[in-house]
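Residue numbers (the UniProt record's numbering), protein chains in the order written: chain F, 1 to 423; chain Y, 1 to 423.
I should point out that these hints are in silico values taken from the structure, not numbers from a laboratory.
For clarity, every value in this text was computed on a predicted model and none was experimentally measured.
One or more hints might be untrue.
Stated by the list, open to error - Here are the simulated distance ranges between beta carbons:
| id | chain 1 | residue 1 | chain 2 | residue 2 | range |
| --- | --- | --- | --- | --- | --- |
| 1 | Y | S61 | F | E314 | 35 to 43 Å |
| 2 | Y | K201 | F | P70 | 53 to 61 Å |
| 3 | Y | S179 | F | S89 | 35 to 43 Å |
| 4 | Y | M274 | F | D211 | 53 to 61 Å |
| 5 | F | L86 | Y | A174 | 44 to 52 Å |
| 6 | F | P70 | Y | A174 | 32 to 40 Å |
| 7 | F | I371 | Y | A174 | 38 to 46 Å |
| 8 | F | L86 | Y | S61 | 50 to 58 Å |
| 9 | F | D211 | Y | A174 | 28 to 36 Å |
| 10 | Y | G101 | F | K205 | 38 to 46 Å |
| 11 | F | L86 | Y | S179 | 26 to 34 Å |
| 12 | F | H373 | Y | M274 | 25 to 33 Å |
| 13 | F | P385 | Y | K251 | 21 to 29 Å |
| 14 | Y | F272 | F | R66 | 23 to 31 Å |
Said to hold, decoys possible - Lysine-lysine pairs mimicking BS3-like chemistry, simulated, CA-CA at most 30 Å apart:
| id | chain 1 | residue 1 | chain 2 | residue 2 |
| --- | --- | --- | --- | --- |
| 15 | Y | K343 | F | K120 |
| 16 | Y | K104 | Y | K251 |
| 17 | F | K110 | Y | K385 |
| 18 | F | K135 | F | K304 |
| 19 | Y | K370 | F | K120 |
| 20 | Y | K255 | Y | K51 |
| 21 | Y | K308 | Y | K251 |
| 22 | Y | K251 | F | K110 |
| 23 | F | K110 | Y | K65 |
In this text, a Cβ means the ideal position worked out from N, Cα and C, and glycines have one as well.
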Amino acid sequence: MTFYHFLSFERTICNGAFTSELPADTVRRIAAELKCHPTDERVALHLDKEDKLRHFREYFISPKMRDLPPIDLSLVNKDENAIYFLGNSLGLQPKMVKSYIEEELDKWAKMGGYGHDVGKRPWIIGDEIIVGLMKDIVGANEKEIALMNALTVNLHLLLLSFFKPTPKRHKILLEAKAFPSDHYAIESQLQLHGLNVEESMRMIKNLRIEDILEKEGDSIAVILFSGLHFYTGTKVCILSPPTSLDHHGCFVGFDLAHAVGNVELHLHDWGVDFACWCSYKYLNAGAGGIAGAFIHEKHTHKIKPTLVGWFGHELSTRFKMDNSKCIQFYLKCTLKMSLRILKIRNDISRATMKALRRKSILLTGYLEYLIKHYYSKDKADTKKPMVNIITPSRIEDRGCQLTLTFSVSKKDVFQELEKRGVV
Amino acid sequence: VMEPSPLELPADTVRRITAELKCHPTDERVALHLDKEDKLRHFREYFYIPKMRDLPLIDLSLVNKDENAIYFLGNSLAKMGGYGHDVGKRPWIIGDEIIVGLMKDMVGAKEKEIALMNALTVNLHLLLSFFKAYAETLQLHGLNDADDKAKRGEETLRIEDILEVIEKEGDSIAVVLFSGLHFYTGQFFNIPAITKAGQAKGCFVGFDLAHAVGNVELHLHDWGVDFACWCSYKYLNAGAGGIAGAFIHEKHTHKIKPTLVGWFGHELSTRFKMDNKLQLIPGVSGFRISNPPILLVCSLQASLEIFKQATMKALRRKSILLTGYLEYPMKHYYSKDKADTKKPMVNIITPSHIEDRGCQLTLTFSVSKKDVFQELEKRGVVCDKQEPSGIRVAPVPLYNSFHDVYRFINLLTSVLDSIGTKN
């Protein structure tokens, strides 16, 4: 899948080269110390023992085998924890969610509309209260972040302001196999401006981005990529564009759905123009949880929202109801319950993205080690089933997810895994 | 028989009951009788009513702390009580679709004309965007009625004036956008008349139903309304920032397409194929952009189930009597015509015709509104101040009782008297 290696901006300075001990070496070292085979259970137990973050597991509610719909109880111990590897799609529930929600429900019951102004989380500023917890997760200032709506809604709001095509500069550059919602969003934005999708929707497949920019940079208005690809798990190298891009006047934005809470982000320092994300994957905020948006502070006085609503109005005069103009991107009251949940995940950012990423590298590396040990193409005899990992092998090029393909029926593999409590 | 015939105005009901009971119209026995005969009074138990002691601004020396507050703020944020039964699974993917059926009778539309998503103003923007223009560039002709109103000393709009503007300028109007019920005055606009007039001139006609839905009976489909949107945290009791709604008439199913598209507008059966070939759901469901916030679906569902049991028809019937009972003493003892010049006066700026209002009354005073409001708050009345000069009281048929109104009037009169004496 070479077409995902397109973003090769000076790779050595991208996200910092990985210089610590590679996971495979860690596994081998421990096996040597324990005088056992690398695939021995003792290696896993040792890794867990040494894991400084293992206590955070207790902050989440883990599904049990017996509660999984497709489980085959004859194959498992029903009281054991499921093997939940689906955080890339829906994160597990933090234990504090219930009590945070109950706090707001109690306040609602106790005092109704007064809840807007009083309590731990006055509803009128509910979202602003937890914005600070997002700072370190995305690497931005508080005023560069808004928590609101849903991901693709936010993407549209951002594109409506950043994508202002001219006859000359009319293209949006994106990945060939972008997530459907991004694809449809871009398609509809182009159509909104009366542009021809064939000409203006520029999808990268097998070329390097530098080559495309070289040839077509002048006609590109916006570059929109995912931060980490939903299918392959490839981490896109997010860097401030080369100066030639700045000169060209192109905006660069990212859909961070699979990146936020997974890999370290420094949106401000990288000079990213805009970004958006959802919160129900690695941020564990629950299905349809409140989403996020980022606009770099360099645009504070230049970029204005195209669609305005009352929550973009300065708080101090918002309720004067005199219909004056607003200056931010908030469109409506916040979704208070979803926010409560987001707060919990962010509390856990006490763990720090740095430390989580360090463990993630080892965790995924250990997973990869075992798979490669048993099932890679070179090792297996031709009769044995093979597993191919299509996610890049370089640590800098991926997050926690590995995407596997099989020489046997993927459907069968999946079904059998489900029956055994792998989610 | 308490139930008023269709022709009996609330004032006449009050007078009839006082004649039967042989007491004064302002006697508590009238309120108790009205509550006793109220077929809907048991719905109050479905909601959490704040207690006096929990209100932030209460003056405990003035109240019995264990008594229920007088909660007339349902127009802004309501609360809800226990919802009895287990509703079973709500697959998150179709979380919103599961409860759309419960909205049918609330707005008078078919299921496929309704979508539950986002927030009100977000939905308004999505609906307006099908003109392929941004809100800032659309020429929306507002009724420049400041001059007219000043001339007539009115605060509300006359339907004749509205229709006149549409008649005169309709050819240059693309969209007529009105609130269904005005947030400040409480005026309920003649939706079918405005719709008909606007469409006769070739305009699209839409309504912001924030203060109408759950308050008055709506028949969006039969009235031929083109589009509408609403929030759910007022009379729909779904909690601060609850999931909002949108309506597009089925006559537009194949003509109007969303301008801003996301993956949840894609047909469910192929949505997860991820082949980036859009299969748009016809009608308003195609306007959905992202996956639904399931926790917000839950709170709305709980409330809508109560509405289903009660029915809008019955609720409206009680509401007319409840608000009429509220209006009666103010009109008869504290209004301009009746009061002597030294007594504080209350002016009700909400129209007096039942067809022209919902449950809310907006009151202005000849004394300091701020003082009145503060004194009411200290005594456990929960209502709101609305700039420039109004206090809004909205007794809601689902959980407010006639005795609540009785207590409010008593408190109001004693507050006004004490302020009047002070001055």
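(request) Please flag the earlier hints that this structure goes against, numbers listed from lowest up. (result) Structure breaks hints 4, 6, 7, 9, 11, 13, 15, 20, 22.
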